[in-house]
Amino acid sequence: MSPTPVSNQSHSPLAQRRILARRLVVGGLVVLCLIVLSIYGRESASGPLHGLQSGAGTLVTPIQDGVSRAVQPVRNAWDWAKSLVSARDRAAQLAKENQQLKAQIVQGQFNSEENQRLTQIPGLGNAWNVDYNQVPADIIGWSASPYYDEARIDKGTSNGVIVNSPVIAAGTAGPALVGVITQAGPISSTVAFLSQPQTSVGVTITNANSAFGILQPTAPGAYAITGIPVGKPVANGDIVYTAGFRLFGQLSIFPRGIPIGLVEGVGHRETDVNQTVQVDPFVDPNSLAYVVALAPKSALAKQRATTP
Amino acid sequence: MVALMVLAAVVVQVSLMPFVDVADGIPDVLVCVIVAVGMLRGPLVGAVAGAAGGLLVELTSPIGTLGVLGLLYLVVGWGAGRLCGRDEMRGLLPPVVLCVIAEAGVLIGEAFVQLMLSRPLDFGDVVRSLLASVILTGLIAAPIVALARRALGAPRVVEPFLVSGDG
Numbered sequence: 001m002s003p004t005p006v007s008n009q010s011h012s013p014l015a016q017r018r019i020l021a022r023r024l025v026v027g028g029l030v031v032l033c034l035i036v037l038s039i040y041g042r043e044s045a046s047g048p049l050h051g052l053q054s055g056a057g058t059l060v061t062p063i064q065d066g067v068s069r070a071v072q073p074v075r076n077a078w079d080w081a082k083s084l085v086s087a088r089d090r091a092a093q094l095a096k097e098n099q100q101l102k103a104q105i106v107q108g109q110f111n112s113e114e115n116q117r118l119t120q121i122p123g124l125g126n127a128w129n130v131d132y133n134q135v136p137a138d139i140i141g142w143s144a145s146p147y148y149d150e151a152r153i154d155k156g157t158s159n160g161v162i163v164n165s166p167v168i169a170a171g172t173a174g175p176a177l178v179g180v181i182t183q184a185g186p187i188s189s190t191v192a193f194l195s196q197p198q199t200s201v202g203v204t205i206t207n208a209n210s211a212f213g214i215l216q217p218t219a220p221g222a223y224a225i226t227g228i229p230v231g232k233p234v235a236n237g238d239i240v241y242t243a244g245f246r247l248f249g250q251l252s253i254f255p256r257g258i259p260i261g262l263v264e265g266v267g268h269r270e271t272d273v274n275q276t277v278q279v280d281p282f283v284d285p286n287s288l289a290y291v292v293a294l295a296p297k298s299a300l301a302k303q304r305a306t307t308p
Numbered sequence: 001m002v003a004l005m006v007l008a009a010v011v012v013q014v015s016l017m018p019f020v021d022v023a024d025g026i027p028d029v030l031v032c033v034i035v036a037v038g039m040l041r042g043p044l045v046g047a048v049a050g051a052a053g054g055l056l057v058e059l060t061s062p063i064g065t066l067g068v069l070g071l072l073y074l075v076v077g078w079g080a081g082r083l084c085g086r087d088e089m090r091g092l093l094p095p096v097v098l099c100v101i102a103e104a105g106v107l108i109g110e111a112f113v114q115l116m117l118s119r120p121l122d123f124g125d126v127v128r129s130l131l132a133s134v135i136l137t138g139l140i141a142a143p144i145v146a147l148a149r150r151a152l153g154a155p156r157v158v159e160p161f162l163v164s165g166d167g
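Protein chains in written order, with the working numbering: chain A, 1 to 308; chain B, 1 to 167.
Chain A extracted, bound-state conformation (with noise of 0.2 Å):
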């Protein structure tokens, strides 16, 4: 290319070619974006487009490391400035869940001994604790676009951290479920977050005779079950659980038991068939710097892996 002074305009047959040239330029722009818009949208995560996106992230890992850990005071200054703001909602709310997290100990704790014995053996019972080996990561990089609540963590294949691992990270109540692993490289994987509108998990309330229903995103920070039937006795402060499938039994990416909230609402109208819960996530994507990613260790964890 060579610089051509501005006031160099004419209708010459030369620039004439010119526009042609640059036309021609910009339109095959145009055409392979179309294209790698849509060969990215129809291949699968472990498609040719997608390798060469987790490889490209690879590249940046280190520059996304040493960004995310310079600007992490920053951030937790920031967050404590925001925290101060709804300090005494929080207090309030805090407070309340305290109190229905007693009763739910007293509840609980007969079966939590004979519970943990159980879990002890691979495989049995779906524990997320047995089947999964738990490696902790560093957030080092969010998206760049409003649109997507998804992030970069610092651990990969190298790890045992595969696509379809779930996530979790320490909430109000002790861990709970964050997200899932989308795209995996050898160093470094992005996570998509429970916030993401698409997401759909099978969840279950045990304290509501084990009622089934499908959790998503509503608005932000908040989800919704569905399909839980009007007679099941859900109220306010139940937690709610990964179910360990989905619709007609199919096995879940998401193992049985882990922890994503409490109902903070239940309602429905004279005529439906199902009751909507509301549900407050023990966790807020927004506010991580660490998750614990769950590598698949036993044959049923890496068959949830696989789950299509």
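Errors might be hidden in some of the hints.
Stated by the list, open to error - Derived contacts from chain B toward chain A, CB cut-off under 8 Å, selection only:
hint, residue
1, L7
2, V11
3, F19
4, A47
5, V57
6, I63
7, I108
8, G109
9, E110
10, A111
11, L117
12, E159
Since the hints were derived computationally from the structure, they do not count as laboratory data.
Glycine residues also receive a C-beta, built at the ideal position from the N, C-alpha and C atoms.
Once you have looked at the hints, place chain B on chain A.
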């Protein structure tokens, strides 16, 4: 120089900017650089820089598409390039306004593509993140455009190389 600027903008955009998340809005350094490049080097360079920058962001940031941002930034670069050398673009305010309009266009285009891909979007969320991103981008646009002008010098339209012998 243009390639270096785009590369630097991509690195900053994917590694630093997502941490500046205010009300679900993320400032867009790349759109400012693409607008500046287009304004200073014409539609061809603007479009090429836009397409390359957009594709690089999609390759290196956890975004679930490939080609969408390339296409949108290409349009931004091309559009800004059409204004290359115009008297109205000499001050600092017009390019800043152009950056804001371009960012709004990119986000609306991205939201539209998400809907085309059957990804449900909450209208309120989209409006909030769009407003926040546009305001944040407007805040960072002036220094970026000034830096770009310093680095690239006076506006001049760059033509395809195949006819360069005549230029």
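Evaluated hints:
With a least beta-carbon distance of about 11 Å to chain A, the hint placing L7 of chain B at the interface is violated under the 8 Å criterion. Taking 8 Å as the C-beta cut-off, the interface hint given for V11 of chain B holds, the closest approach to chain A being about 6 Å. Checking F19 of chain B against chain A by beta carbon gives a least distance of about 5 Å; that is within 8 Å, so the hint holds. Residue-level restraint check for A47 of chain B holds (minimum Cβ-Cβ distance to chain A is 5 Å; threshold 8 Å).
Given hint, V57 of chain B at the interface with chain A, holds; its Cβ is 6 Å from that chain's nearest Cβ, closer than 8 Å. A hinted interface residue such as I63 of chain B counts as satisfied when its beta carbon comes closer than 8 Å to some beta carbon of chain A; here the least separation is about 5 Å, so the hint holds. Annotation: interface hint on I108 of chain B violated; nearest CB of chain A at approximately 11 Å, more than 8 Å. With a least beta-carbon distance of about 11 Å to chain A, the hint placing G109 of chain B at the interface is violated under the 8 Å criterion.
Interface hint at E110 of chain B: satisfied, since its Cβ lies 6 Å from the closest Cβ of chain A, which is below the 8 Å cut-off. The criterion of a C-beta within 8 Å of any C-beta in chain A is met by A111 of chain B, whose closest approach is roughly 7 Å, and the hint holds. Given hint, L117 of chain B at the interface with chain A, holds; its Cβ is 7 Å from that chain's nearest Cβ, closer than 8 Å. The beta carbon of E159 of chain B is positioned within 8 Å of a beta carbon in chain A (closest approach about 5 Å), and the interface hint is therefore held.
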